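If you read the protein sequences in the order shown, they are chains R and G. If you read the first sequence in our numbering, its first letter stands for residue 1, the second for the next number, and so on. If you read the second sequence in our numbering, its first letter stands for residue 1, the second for the next number, and so on.
Hints were generated in silico from the structure; no laboratory data involved. Possibly wrong hints are sitting among the right ones.
Once the Cα atoms are required to be at most 25 Å apart in a straight line, the calculated DMTMM-like pairs of lysine to aspartate or glutamate come out as [claimed, not checked]:
id : chain 1 : residue 1 : chain 2 : residue 2
1  : R       : Lys145    : R       : Glu87
2  : R       : Lys145    : G       : Glu61
3  : R       : Lys145    : G       : Asp176
4  : R       : Lys171    : R       : Glu61
5  : G       : Lys109    : G       : Glu164
6  : R       : Lys62     : G       : Glu61
7  : G       : Lys166    : R       : Glu150
8  : R       : Lys58     : G       : Glu61
This structure is a prediction, so every number in the text was calculated from the model and none was measured.
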Amino acid sequence: MSKIKKKRVGFVLDMTPLVDITFLLLTFFMFTAKFKSQEESSERFVIKRPQTVADTAKVPEKDLVTIKIAVDTVSRDTAWYYSMLNEQDRTRLAAQMVALKFPEATPTTTQFKITDTTWLQTFVKESRTINQQAIFAIDADQNIKYRWVEHVMTAFRRYNATSFNFVTDKKQ
Amino acid sequence: MAGGGEGLGGGAKQKRGGTGKRKVKKRVGFRLDMTPLVDITFLLLTFFMLTTSMITPQTMEMKIPPQLEEKIEVKESELLTIRIRDDGKLFFNMGTDAPQPVKINELRKVVIDQNVSLRNRCIVVLKASSQVAYGAAVAVLDLLNAVEPEITERLRQNGIDKRERKFTVAPYEKTDAEEVAGL
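In isolation and in its complexed conformation, chain G is listed as follows (with noise of 0.2 Å):
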């Protein structure tokens, strides 16, 4: 490229120096230091790739249902309800038992085990306080989509082809914070 810059500077001073014999001057092993140039590139290569983060975060895509303004009678016996108390507690109770405390590596089991004894027809209410961290909620919701593929699994061994889930977010009420109360 610095090559074809020389090659015009040579051409003007021909022209300036009109008919006068001039010696042309051999071009051989011409070298352009390239060193700065290097310099900045790696420069910049490097803050750019210091400055990328590449890590992309995900998402968790959630669906609750509309607000209705009749109420939708289901049967208390296919709630199964977990309740997620101000110190970050979690119970559990199915239908109009009394909640029992619960860690989150065995709610795996009590939610596969419901959902599938119910086949399909078990309703997931996930109720948290509102004082607990966000992050406490979303472990819960994480932990119900985890659990998805082993249930889809077990209902297909039960002959149930196609998986119907159902789950939904309710606020936390009075009434749920004295029935936790204590425990």
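Same shape as in the complex, but just chain R (with noise of 0.2 Å):
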């Protein structure tokens, strides 16, 4: 019996779904990731976020305040790190501190390593002036000594931000 091979010369594939897909795909990731700010990028320091169960509510994305506490790899030094998240509070932040002399404060920080429990107050205490509606949320590594949650929610209670966020991750 003979059989007629049919000869497979130019074998085209249409690719345009695939490539219509991946553009999306694309897209996607493209918008939806975030950059991480200069300071950030800078920072010698990985948080380990304690782990709950509880927990649901998500972390705002407008008016918000971030304290982070945690160690340096390299010196070895605990601090607080400051950062406001609105662009608009960040630049009048800034200015703030540069008016008020804080060490290495320009106009263009986004983000204030902070050492010591005076400047941690001023620091609530102008951007409590600058966004009333401003959210404080705590982000500090799990094994961080708890005296250094106590002074942030000392200066919390001073200048009456009496609600605040601890960030947490899910246990897995």
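Using the supplied hints, reconstruct the complex from the two chains, each of which is provided in its own coordinate frame.
This is how it looks when you write it as structure tokens:
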């Protein structure tokens, strides 16, 4: 029995749907990607957040004031890293801090490294003045001594920011 | 899209060519090699997919009482104090009772029972030593949050519809350290 074999010359596969989906995904990931600020990318610590089961609320995306507490991996010192999320607040805070002569403050600083409690209180006070709706969040490493968190809470209490957040991770 | 480009090119040639007869090239089965485009797209896609972190952090909402000048008097018998010692060990006591050591999973029952038997009036105070890891304090706070639904449910069974949560954090004083020392 003779069978005519079809010659498969110039076999072409339509790649259009593949390219469509790929582009769609690419656009999605490009738009949802959040880039770190210059200060954030130069920070020398990783925060291992405490893991909880009961929390469901997400970190707010507006009017947020983040206070990170972590140990520097190189110099081994603990510090508070203070930043405001809103662009407008951030510029105003930076300007205010330059005026108050905070060491190393420049008009473009987005994250301030604080090492003493007096400055910490000043920052909380100024943030409250700049944005009355400011929501505070403490993003601390789980191995940090509780004392560091206590100091922040004292500052909050003093300036009446009695409702705040602890940033946590979901327990797996 | 590339077809459009070719078309324009042809048009320009025609103008230059002037009056001479020109064969219009038939453009049958025109294909553009999409391979490099797809390569780059995949590369970028992989990059963005790998660098995106999908796990977003959550928050634990906290409310602490504001700084007050005068002292508020509370009934000692309604006060449930939870202490975290320097070494991370937990202790609890009701009112003026002596503190007793407790494991974190046993604390759950204590908190529920006290809140239910005191019918909403129980005040939970957390006193963590400043030397203790922040994670240990958050673990207790998480437990207190996690038992809330059960307390509400148990209170409802006892005829109380509204749950009023009373909770505060207090500094760990020297006297606190003395009370739990050697236990």
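- Starting from Lys166(G), check that the Cα of Glu150(R) is at most 25 Å away, please. Given pair Lys166(G), Glu150(R) holds - Cα atoms ~20 Å apart, limit 25 Å.
- Message: Just to be careful, I want the Cα atoms of Lys145(R) and Glu61(G) compared with a cutoff of 25 Å; is the pair within it?
- Response: 20 Å, holds
- Task: Take a quick look at whether Lys62(R) and Glu61(G) sit within 25 Å of each other, Cα to Cα.
- Result: 16 Å, holds
- Query: Straight-line Cα separation of Lys109(G) and Glu164(G) no greater than 25 Å?
  - Reply: 19 Å, holds
- Message: So if I understand the rule, the pair passes when the alpha-carbon distance is 25 Å or less; does Lys58(R) with Glu61(G) pass?
- Response: Holds, at about 10 Å.
- Between Lys145(R) and Asp176(G), is the straight-line Cα distance small enough, at 25 Å or below? It holds: about 18 Å lies between the C-alpha atoms, which stays within 25 Å.
- Query: Are the Cα atoms of Lys145(R) and Glu87(R) separated by 25 Å or less?
  - Reply: 31 Å, violated
- Going straight from one Cα to the other, do Lys171(R) and Glu61(R) come out at no more than 25 Å? 22 Å, holds
The structure fails hint 1 only (numbered hints given earlier).
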